[in-house]
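Asker: Okay, here's what each chain looks like letter by letter:
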Amino acid sequence: MSHAQKRDFEQPASFTFTPESMKEVDAVIAKYPKGYQASAVMPLLWIAQRQHDNWIPEKAMEEIARILDMPKIKVFEVATFYTMYNLAPVGKHHLQFCTTTPCWLRGSGEAVEACEKHLGIKLGETTPDGEFTLTDVECLGACVNAPVVQRNGDEFYEDLTPENVVQLLDDLKAGKKHPHGSQDGARHKSSGVEGATCLHEQAKSAGIKIAGEK
Amino acid sequence: MPKLTIDGMEITVEPGTSILQAAEQLGIEVPRFCYHDKLSVPANCRMCLVEAEKAPKLIASCAMPCADDMNISTKSDRVKAARQGVMEMLLINHPLDCPICDQGGECDLQDQAMAYGYDRSRYEEEKRAVKDKELGPLIKTVMTRCIHCTRCVRFGDEIAGVEEMGVIGRGEHLEIGTYIEQSITSELSGNLIDVCPVGALTSKPYAFTARPWELTKTESIDVLDGVGSNIRIDTRGGAVLRILPRLNEDVNEEWISDKTRFAWDGLKNQRLDRPYIKVNGRHQPATWEEAFTLIAEKIKKADKIGAVSGTLADCEAIIALKDLMDSIGSKQYECRQRVAQFDATVPAGWRFNTTIAGIEQADAILLVGTNPRTEAAIINARIRKTWLANRIKIGVIGPEMDLNYPVKYLGDTPSVLEELAAGKGAFAEVLKNAQNPMVVLGTGMLRRHDGMALQALVRKIAEKYNMVRDDWNGYNMLANSTGVMNGLELGFSGGDIHTILQSDVVYLLGADEMAVSEIGFNSFVIYQGHHGDAGAARADVILPGAAYTEKNATYVNTEGRPQHTRLAVFPPGDAREDWKIIRALSEVMGKTLPYNTLAEVRGRMAQQSPVFEKIGAVIPVEWAAFGKDGKCDPAPFVLPVTDFYQTDPITRASNVMKKCSAAFVQGASDKKAVVNG
Ligand code: SF4
Ligand code: FES
Ligand code: FES
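Taken in sequence, the protein lines are chains A and B.
Start counting the first sequence at 374; every next residue gets the next number (our numbering).
Start counting the second sequence at 42; every next residue gets the next number (our numbering).
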């Protein structure tokens with residue numbers, strides 16, 4: 374079901390940006406020439422989402438339309454286009470699994486299945502305790518470390534396996550710190566699992582230290 | 042000028058012409074869905090692919106401008122295969138419900154599937170379904186049929202100026218919709234039905250009524266406002282089933298207003314289909330002879346006889362009534378139904394001199410006491426089009442209203458005009474610096490008792506700011522009905538409305554808009570018209586006439602453009618064409634009018650005014666002084682039309698128009714009126 378159709382929850386009666394958010398809003402709008410303020414729509418939606426429990430209510434879209442002097446439908450179009458924006462409430466941990474081809478080839482299906490089993494919910498659903506929401510999205514742009522999951526729009530966990538992803542869930546639930554990035558252990562950031570293998574000579578002669586190399 | 046070859050034929054085109062347009066000029070058909078000549082080009086459907094020599098890929102001809110030495114093929118095997126591919130993709134999610142779809146028989150998708158598609162489907166997976174949207178009382182949606190061409194979105198953004206529709210979601214979930222299920226608040230919304238190439242958006246009032254091939258099509262014109270939009274009337278078995286626009290670049294391009302399109306159900310209701318005579322306060326059916334004899338008797342005995350023509354009265358009837366009045370020596374006739382204090386003697390003073398197409402040349406517009414959106418939606422669309430293209434400056438003297446282009450409010454009293462005439466005020470600079478400034482007066486201001494002075498004042502403004510030149514006339518009055526233009530052109534004016542309504546005999550030719558309560562208590566009232574509205578209710582004798590779809594008649598639009606309506610269906614019952622009724626009455630009165638055929642009446646009209654010499658054209662008129670200098674009343678301007686959907690006997694009898702009025706005018710007054718309430 375698309376965002377636009379979900380209706381089984383309550384919308385708040387009003388929305389205003391907090392003074393802190395408003396500072397950010399003004400800073401973003403100031404980046405664009407006068408008359409082109411509509412370009413700020415994406416950052417503003419993002420600010421609204423962060424302020425409002427990780428989802429954007431209708432009133433917030435209307436407020437953004439008012440601030441940017443643009444038709445409401447244009448804000449709505451942007452908000453529904455990107456999976457980054459939630460137009461319905463989500464759990465405390467919103468996990469967006471990439472299921473596009475590279476991740477899928479590397480086992481995103483199994484990782485998702487393990488989570489579904491562990492949490493007892495399906496993709497698109499939220500656990501009754503409001504802790505987790507699982508969704509599937511298209512490529513997150515981190516295919517080198519596929520498969521990938523994104524938490525609450527900015528933390529990435531990569532190189533997922535059915536095992537390490539369950540560990541991730543448990544840590545998140547327990548409020549424990551869990552490292553971002555590759556869950557593989559062996560890999561440094563996005564370099565190959567066997568370590569840095571190319572451009573060694575060039576790096577050395579340029580005096581650049583190769584990350585992950587002793 | 043690029044010179045290129047398409048399918049072996051050479052053509053030279055204007056720079057910027059797309060390949061699709063060039064092909065069209067050569068008479069080559071290129072299939073398309075998203076492209077529409079009056080809208081921007083998104084090139085998203087890919088149906089118009091053609092092959093260009095040396096280009097590795099096929100190109101979208103709607104978006105590719107012609108260049109020198111291109112060698113285009115629109116019929117190669119690759120092109121054919123691509124079209125089949127696009128068709129197949131579109132049909133993946135398109136339902137196979139043509140037998141129950143109102144678009145069937147006039148559907149671009151159906152036609153193009155016949156011409157370019159496969160004859161069977163290879164698709165075995167499930168089709169997607171999309172929830173229908175609620176777009177108000179006029180437009181029915183079946184969104185599963187939508188092929189996402191976005192024509193409707195672009196129509197709303199560009200032509201109608203209501204950015205309410207949009208593309209929601211993405212990929213497989215993409216849908217066309219409005220912001221959280223709003224209805225469309227545009228007086229031009231019906232055009233969405235025409236722009237939609239499939240059956241996703243269809244007419245609600247016409248739903249499941251007929252198939253296009255069963256309909257008889259009559260080319261005619263609309264008379265429900267002052268625009269004179271060109272229309273096609275579709276009928277079956279003596280009933281009007283729908284009204285569609287007809288292309289006329291000078292008038293309505295290819296759009297019509299919702300009133301023009303949807304008021305036809307009013308043609309069936311409240312009809313006067315036989316003569317009536319009031320006996321003891323009740324209307325009793327009568328024969329034509331009885332009615333005529335009674336009228337002739339009353340007129341013979343009467344001292345004072347007055348006549349008023351209404352918003353829908355046609356030229357033939359008006360000239361006949363005028364000749365009849367003249368023959369009995371009464372000059373008390375008038376086409377302006379309410380207190381009309383403006384100069385009717387100089388045509389330049391009450392015409393839309395710039396012409397509708399001429400608006401596109403304007404670079405500054407001053408609107409005085411008028412809301413073009415409710416008075417002439419199609420003219421408003423031209424103003425918007427001009428604003429969209431050139432961002433022209435538009436000033437308003439009058440109350441605040443919901444216009445779909447930005448305007449500057451200058452105040453709402455005549456004092457603003459006085460300042461402008463003296464070269465002062467914020468808008469004076471704008472007008473001074475403009476090449477082609479224009480001013481539009483609403484008829485509302487001319488109902489004021491200081492109309493003469495206002496008219497003279499605006500004339501002076503026009504002259505001061507160089508709006509009247511050999512190559513440009515920027516002075517305009519916007520008539521909100523064709524009836525009044527017909528009367529003015531034929532000289533059916535000069536009477537005093539108060540005197541007329543107090544006469545011994547009052548002849549109402551479809552006049553329902555004046556204050557019926559002002560008619561003298563002892564006056565004998567004749568109502569000739571087609572609807573049982575205010576005038577008929579007060580009448581002592583009713584003569585049933587024909588509506589504009591039921592007669593061959595002439596109507597002059599606000600520009601002074603005469604056009605013909607054509608008989609699409611016969612008038613109901615005993616009703617007759619209007620001029621014939623007056624001609625027949627004249628015989629009973631012993632004052633037989635000197636014409637027997639339509640051609641003869643039209644000859645008489647041409648004698649009265651040269652406008653009737655060239656049907657369909659505007660003959661520019663001489664500029665002369667009009668109006669009378671005087672003091673203006675400081676009272677603010679009031680708009681002449683308060684409810685776009687309820688302006689005349691036909692729209693008042695239309696249930697669809699009533700629903701629109703309830704949904705958009707009354708319902709909107711608290712939200713922020715769409716059409717000014
Ligand atoms: S509703 Fe019709 S006009 Fe609008 S996008 Fe769909 S097919 Fe095109
Ligand atoms: S495919 Fe999963 S991140 Fe690119
Ligand atoms: S008509 Fe050219 S892409 Fe749609």
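By construction, these hints were calculated from the structure, which means they are not laboratory data.
Don't take each hint at face value.
As the list claims (entries may be wrong) - Within a straight-line C-alpha distance of at most 25 Å, the following computed BS3-like cross-link-like pairs (lysine-lysine) qualify:
| hint | chain 1 | residue 1 | chain 2 | residue 2 |
| --- | --- | --- | --- | --- |
| 1 | A | K432 | B | K172 |
| 2 | B | K98 | A | K445 |
| 3 | B | K79 | A | K447 |
| 4 | A | K447 | B | K172 |
| 5 | A | K445 | B | K172 |
| 6 | A | K445 | B | K449 |
| 7 | B | K79 | A | K407 |
| 8 | A | K495 | B | K168 |
| 9 | B | K449 | A | K407 |
| 10 | A | K495 | B | K449 |
| 11 | A | K432 | A | K490 |
| 12 | B | K632 | A | K447 |
Asker: Which hints, by number, does the structure contradict?
Answerer: Checked against the structure, the hints that fail are numbers 2, 7, 10, 11, 12, while the rest are satisfied.
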